[in-house]
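S.K.: Sequence:
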Amino acid sequence: VQLQASGGGSVQAGGSRRLSCAASGSIFSINVMAWYRQAPGKERELVATITSGDSTVYADSVKGRFTVSRDNAKNTVYLQMNSLKPEDTAVYYCNLDLWDGRTWADYWGQGTLVTVSS
1 VQLQASGGGS VQAGGSRRLS CAASGSIFSI NVMAWYRQAP GKERELVATI TSGDSTVYAD
61 SVKGRFTVSR DNAKNTVYLQ MNSLKPEDTA VYYCNLDLWD GRTWADYWGQ GTLVTVSS
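Residue 97 in this note's numbering is what sits at position 97 of the sequence shown, and the numbering runs on without skipping anything.
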């Protein structure tokens with residue numbers, strides 16, 4: 001199983017960015033899809049999650065600005081980021097909890113850098 005994250009880049013404060021993370025390989029079912037981020041010098045933190053039933057959870061710092069969604073047919077999770085702030089600058093990682101035919105396991109994407117300038 002491989003996860004390919006994309007959509008990162010540079011944006012000015014107040015702007016928007018849409019991240020995507022597509023999974024490929026031996027995938028039978030995906031439970032929770034999530035986005036994490038890690039800012040320079042800080043620990044990785046949870047940004048948003050979405051379950052197979054489309055229930056979502058957001059970090060307080062992004063509520064009302066970020067929206068997580070998923071396309072099960074494409075094994076893809078998205079993160080729409082609006083009203084971006086400099087403190088949103090980080091490497092964003094996707095994480096999928098999936099059944100690969102043998103076991104449930106967590107898989108991580110390679111990370112995509114989002115830089116927000118003031």
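FYI, nobody ran anything at the bench for these hints, they're computed from the structure.
Certain hints may be false.
Derived CB-CB ranges, DEER-like [what the hints assert, rightly or not]:
#1 K85 / F28: 10 to 20 angstroms
#2 N82 / E43: 36 to 46 angstroms
#3 P86 / S26: 32 to 42 angstroms
#4 E87 / S26: 31 to 41 angstroms
#5 A59 / G101: 25 to 35 angstroms
#6 S117 / S29: 19 to 29 angstroms
#7 G7 / E87: 11 to 21 angstroms
#8 D60 / T103: 11 to 21 angstroms
#9 A105 / Q38: 19 to 29 angstroms
Below, a list of computed lysine-lysine pairs in the DSS-like style, where the Cα atoms sit at most 27 angstroms apart [as the list claims (entries may be wrong)]:
#10 K42 / K74
#11 K74 / K63
#12 K42 / K63
#13 K85 / K63
Here a beta-carbon is modelled for each residue, glycine too, at the ideal position from N, C-alpha and C.
S.K.: Each hint should be assessed against the structure and marked as holding or not.
M.R.: Each hint, compared with the structure:
The hinted range of 10 to 20 angstroms is not satisfied by K85 and F28, whose Cβ atoms lie roughly 38 angstroms apart. About 25 angstroms separates the C-beta atoms of N82 and E43, a value inconsistent with the hinted range of 36 to 46 angstroms. The given range of 32 to 42 angstroms is respected by P86 and S26, whose C-beta atoms sit roughly 40 angstroms from each other. About 38 angstroms separates the C-beta atoms of E87 and S26, a value consistent with the hinted range of 31 to 41 angstroms.
Taking the beta carbon of each, A59 and G101 are about 32 angstroms apart, inside 25 to 35 angstroms as hinted. In this structure the hint that S117 and S29 lie 19 to 29 angstroms apart at CB is violated, the actual value being about 40 angstroms. Under the hint 11 to 21 angstroms, the C-beta atoms of G7 and E87, about 19 angstroms apart, fit the expected range. In this structure the hint that D60 and T103 lie 11 to 21 angstroms apart at CB is violated, the actual value being about 33 angstroms.
The given range of 19 to 29 angstroms is respected by A105 and Q38, whose C-beta atoms sit roughly 21 angstroms from each other. Of the pairs offered as hints, the one joining K42 and K74 is violated, with about 32 angstroms between alpha carbons and a cut-off of 27 angstroms exceeded. Of the pairs offered as hints, the one joining K74 and K63 holds, with about 26 angstroms between alpha carbons and a cut-off of 27 angstroms not exceeded. Between K42 and K63 the alpha-carbon distance is near 20 angstroms, which keeps this suggested pair within the 27 angstroms criterion.
The hinted pair formed by K85 and K63 meets the criterion: a straight-line CA distance of about 13 angstroms does not exceed 27 angstroms.
Hints 1, 2, 6, 8 and 10 from the earlier list are contradicted by this structure; the remaining hints agree with it.
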